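Q: So you can see what is in the structure, the chains are spelled out below.
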Amino acid sequence: MPTPAIEFADVTKVYQRRFGAARVPALSDVSFEVARGEVCAFLGPNGAGKTTSISILMGFIYADRGQTRVLGYAPGDIRAKERIGFLPENFAFYRYLNAEKLLHFHLRLSGRQRANAGSLIAELLAKVKLDSYKRLKIGKYSRGMVQRLGIAQALLGDPELLVLDEPTSGLDPAGRKEVRDLISALRAEGKTVFLSSHILSEVEQICDRVIIIDRGRLVRAGALQQMLAEGDRVEIIVDRLPADLETAVKQHGASVEREPNRVRIHVDAAQKRVLADMLTAGGCNVISLMPMKSSLEEIFLKLVGGGAE
Amino acid sequence: MKVRTIAFATFGGFLRNKVIILFCSLFLCVVLLMMFPLLGFKAVTNASNIENMQGMVLNEITIVMSMVSGFGSLLAAWAAADSLAGEIKSGTILAVMARPLRRWEFLAGKYLGVLMLMVIYAFALVGVASLLAWLGGQRFQTSLWTLVAYPFVRYAIWAAIAMLLATVLHPIFVIAVVAVLATLIPMVPFVTALSRFPNWLRLAVHLILPLTDVLSEQRFLTITRAALKPFPWTSHLTALAYGLDYALVCFLLAVMVFQYRNLSRD
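For the record, the sequence lines run as chains A and B. Per my numbering, residue 391 is the first one in the first sequence, and the count goes up by one each step. Per my numbering, residue 1102 is the first one in the second sequence, and the count goes up by one each step.
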């Protein structure tokens, strides 16, 4: 069985203020795994510890306790870094370089100087739609262009694992869709993508798994589809609903929505059996009884208490 | 290869750095300003005041060279501190360190980038010194390499000290500490000579602070007389080796501290 792409086991990190005794806990015993080939979203409100976790993962900072492995290696190990593409949040570049020179610089740092470096870079710039701006200094780029360039540099060297911190930040709707398509294409190629995002509707479209943290603690981790299906409400569809029965149904906390040929009844899962029996006894034909899917946003807000997201 | 890539990128950054450009402009202004009275002295020199005028000319050259050389030490310290702290502050370090690059390789690249800048500065220093000496009707009687090597090693020391300090301090504090050190160093011989200070303090001061006077060209070249003191090559070798060793120790300490440093913007 292959080792997971990312392993966090009881990771704890406390920031110590430089000239004071104040200790700010950033992560407390956080444990999760990301399997190879998965697209996994890392969610949490601002200040939840997402960037700290990603920094530990990349070897930029050290955890105080716990164990972290990336592609089977310790964070910061160059054998792991050779196979990782990383896009930091608010990506910063050498402003005096142009896109082409910056990618050449990163290619040299990755130790993969190739004969066809020029064509590889041109291909990447075309992929992120920056080929017409490749000679423009990065200092003159818009926020969205910088983000696209960041994605291009993350893709440099055909990485096995992509760690993307807010990949769609600063992009327009078309740019966001391109990033989503790109991530879907990467998944099809069998790459592992670990991304943090605040745009939950996008996460819902592209991710296989979701990890949610809040105030440095893991609050939920699991397969996205399973999470969405675990709603605590059900929908009962009946062919008709007499008025007296509607009153009785509403007394059980249900909501009723009438349509031309059917009636939809939404109720807490705990009440489904009582209501189904009541409706059948009342002569209604129960067409279906299905768990209602929650949106990721609803789940997220429920878990983090409608935090800062 | 990776170290070289970082070094060239660092050097490239210096060439576009506004503070460095300001430094170089100041350097040029000082030289041009000092040439003005120098040429004036020369113009009014005649047979009756030649000795007096020549003394004034050479004195001025010494002042200019001390200033420019001192500027160089500050430039080396600032460039080293800013090149490291600037990367961390701007966040450019994150994308760079995400590449298969070890922390010591990054730091070595940064340090080499600073040394590339300072070797150019050392050559410029010698160029200016030669120009001023020529204007003053003098010429250096020592080989060019010594005039480049001594200031360069001094700059290497200051750059390494600054890099070590920059791993934990803001560049402004680094410059402040460097300035304090530069002020303290001339006092070292007095402190070590005074018996009222405890032995451990005298020894510590002697061992910890860099003896940049050992690395001064003044030891073998007195510019005001343009005369070369007899100085064996073994002395050059020992003095330069001392300087390089000191710089290396500081650099290795910087690597050690940087290894455990938080690289995120905080």
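One thing to keep in mind: the hints can contain errors.
Interface residues of chain A toward chain B, partial, derived using beta-carbon atoms under 10 Å [stated by the list, open to error]:
| no. | residue |
| --- | --- |
| 1 | Y405 |
| 2 | T441 |
| 3 | F481 |
| 4 | G501 |
| 5 | R630 |
| 6 | C674 |
Everything labelled a hint here was simulated from the structure, so no lab data went into it. Everything numeric in this text was worked out from a predicted model, so none of it was measured. Ideal Cβ placement from N, Cα and C applies to all residues, glycine included.
Q: Work down the list of hints and note, for each, if the structure agrees.
A: Hints versus structure:
1. Y405: holds (8 Å)
2. T441: It holds, given that the least Cβ distance between T441/A and chain B is near 7 Å, below 10 Å.
3. F481: For F481/A, the interface hint holds, since the closest Cβ of chain B sits about 7 Å away, which is under 10 Å.
4. G501: holds (6 Å)
5. R630: Constraint on R630/A not satisfied, violated at 62 Å.
6. C674: Violated: closest Cβ of chain B sits about 60 Å from C674/A, beyond 10 Å.
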